[in-house]
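Based on the provided sequences and hints, a complete structural model is requested.
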Amino acid sequence: MKRILSVTGAVLLALSLAQAALAQTKTITLGAALQLTGGLANTGRYYRDAYQLAVERINERGGVELGGERYKLMLEILDNQSDANLGVRQYVQLLTRDKVNFLLGPYSSSDALDDSSVAEKYEVPMVQGGGASDQIFSRGYKYIFGTLPPAEDYFSSTIEMLSKLEPKPKTVALVSADDAFDVSMAKGTRKLLEKAGMEIVVDQLYAARSSDFSSVLSLIKSKAPDAVLWGGLEPDVLNAIRQMKSLDVSPRLLYSFTVGVPTADLRKALGKDAEYAFGMTSWLPSPEFKDDWFGDAEQFARLYKEKYGYDPDYHGASAAADVETFVKAIEAAGSLDAKKVREAIAKIDFQSLFARIHFDERGQIILPQTVIQVQDGNVVAVYGDRLVNKPRYPIPSWDKRG
Numbered sequence: 153m154k155r156i157l158s159v160t161g162a163v164l165l166a167l168s169l170a171q172a173a174l175a176q177t178k179t180i181t182l183g184a185a186l187q188l189t190g191g192l193a194n195t196g197r198y199y200r201d202a203y204q205l206a207v208e209r210i211n212e213r214g215g216v217e218l219g220g221e222r223y224k225l226m227l228e229i230l231d232n233q234s235d236a237n238l239g240v241r242q243y244v245q246l247l248t249r250d251k252v253n254f255l256l257g258p259y260s261s262s263d264a265l266d267d268s269s270v271a272e273k274y275e276v277p278m279v280q281g282g283g284a285s286d287q288i289f290s291r292g293y294k295y296i297f298g299t300l301p302p303a304e305d306y307f308s309s310t311i312e313m314l315s316k317l318e319p320k321p322k323t324v325a326l327v328s329a330d331d332a333f334d335v336s337m338a339k340g341t342r343k344l345l346e347k348a349g350m351e352i353v354v355d356q357l358y359a360a361r362s363s364d365f366s367s368v369l370s371l372i373k374s375k376a377p378d379a380v381l382w383g384g385l386e387p388d389v390l391n392a393i394r395q396m397k398s399l400d401v402s403p404r405l406l407y408s409f410t411v412g413v414p415t416a417d418l419r420k421a422l423g424k425d426a427e428y429a430f431g432m433t434s435w436l437p438s439p440e441f442k443d444d445w446f447g448d449a450e451q452f453a454r455l456y457k458e459k460y461g462y463d464p465d466y467h468g469a470s471a472a473a474d475v476e477t478f479v480k481a482i483e484a485a486g487s488l489d490a491k492k493v494r495e496a497i498a499k500i501d502f503q504s505l506f507a508r509i510h511f512d513e514r515g516q517i518i519l520p521q522t523v524i525q526v527q528d529g530n531v532v533a534v535y536g537d538r539l540v541n542k543p544r545y546p547i548p549s550w551d552k553r554g
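In the numbering used here, each number is its position in the sequence shown, counted from 1, plus 152.
By construction, these hints were calculated from the structure, which means they are not laboratory data. Note that the Cβ used here is the ideal one computed from N, Cα and C, for glycine as well. Please note that the accuracy of each hint is not assured.
[Claimed, not checked] What follows is a set of in silico ranges between Cβ atoms, one per label pair, in the way DEER data are often shown:
no., residue 1, residue 2, range
1, 540, 181, 40 to 46 Å
2, 363, 322, 28 to 34 Å
3, 177, 346, 54 to 60 Å
4, 502, 178, 21 to 27 Å
5, 518, 320, 23 to 29 Å
6, 492, 346, 42 to 48 Å
7, 421, 181, 34 to 40 Å
8, 217, 362, 44 to 50 Å
9, 455, 361, 28 to 34 Å
10, 320, 251, 52 to 58 Å
11, 217, 339, 39 to 45 Å
As structure tokens, this is what we get:
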């Protein structure tokens, strides 16, 4: 009996010491409301997983140094169920009830547009890599920062590439959803096409998260453009390509999409029908992108795949850089005061696994897109500041594919 009591006492003492040590650990909490369920969950998971991996890695490497002490990062993540209105309420909760120190962003420009108003109202910085619309950054807000390039420039590299290929497209169909990102993307793309001397013969908006594109595709088929440039969310792109095939809609030279093409899920869902699709990415897992915590982007991608069982794309890489941005800014500010950290973020300049993080006066980074294409089931970089690999161009019509 005495031995049992002795063992029980030792266990209780160990638990008590562990709890005491935990209570003494200084922490910094980052909060986010993400799309973990609902229609945008497939992309929302990139942010959850990358946030978690970055926090774990930074803590393993010593955490955050502040005032001669070490702090551990913590995450408070809520599921906004792909509901933007719920997300706004949850960001208020994170600040007023959960008392998080700083905010990480959600996926999508529409969500970031709404949620950043919470950050501005409470004067707490939000760093997000999910929204690129100029609507987010044109309001004069001081507490929102973004690590995706401007939506208006998304097709810039693609149009530049097309100007150098033969035959050069003369006519283009521009299709986009009516959400915040795609409205900004279409606005910028119109200017880019005009400058390149390409005529827009179809300029069509559709309701975000639509599943039936038959009317848009019928219009495209009747106009027979040389190229189709399409903006929308990943499910939109998936449905668009499927319906292009079923309705036998083939532009003469090329079709390209703002999202989806970099992700393995889309290629798996489409199989051989994903072949030849052009897209873009602001990140590739290159060892050239050095990083203080992961070594480089290639090592980040390897660790991510080992932990979660799927490859990261630019969404995950930008999310990890968002966490790193807060660490750099907190250490530079030497404080957890929101205003001081905000000032440090505005001045920050460092190389991350994603890109060089340095914000312009509006709070956004400038970053070129790399044009990619699906070739033999793989994503191949075909154009950045030059032709990297040979694009398969013009793309064959559906009836001429194997």
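These are the hints, each one checked on the structure:
1. 540 <-> 181: 40 to 46 Å: Hint holds: Cβ distance 41 Å, inside 40 to 46 Å.
2. 363 <-> 322: 28 to 34 Å: holds, 31 Å
3. 177 <-> 346: 54 to 60 Å: At 57 Å between Cβs, range holds.
4. 502 <-> 178: 21 to 27 Å: holds, 23 Å
5. 518 <-> 320: 23 to 29 Å: holds, 27 Å
6. 492 <-> 346: 42 to 48 Å: holds, 44 Å
7. 421 <-> 181: 34 to 40 Å: holds, 36 Å
8. 217 <-> 362: 44 to 50 Å: holds, 49 Å
9. 455 <-> 361: 28 to 34 Å: About 33 Å separates the Cβ atoms of residue 455 and residue 361, which means 28 to 34 Å holds.
10. 320 <-> 251: 52 to 58 Å: About 57 Å separates the Cβ atoms of residue 320 and residue 251, which means 52 to 58 Å holds.
11. 217 <-> 339: 39 to 45 Å: Given range 39 to 45 Å: holds, Cβ gap about 43 Å.
The structure fails none of the hints (numbered hints given earlier).
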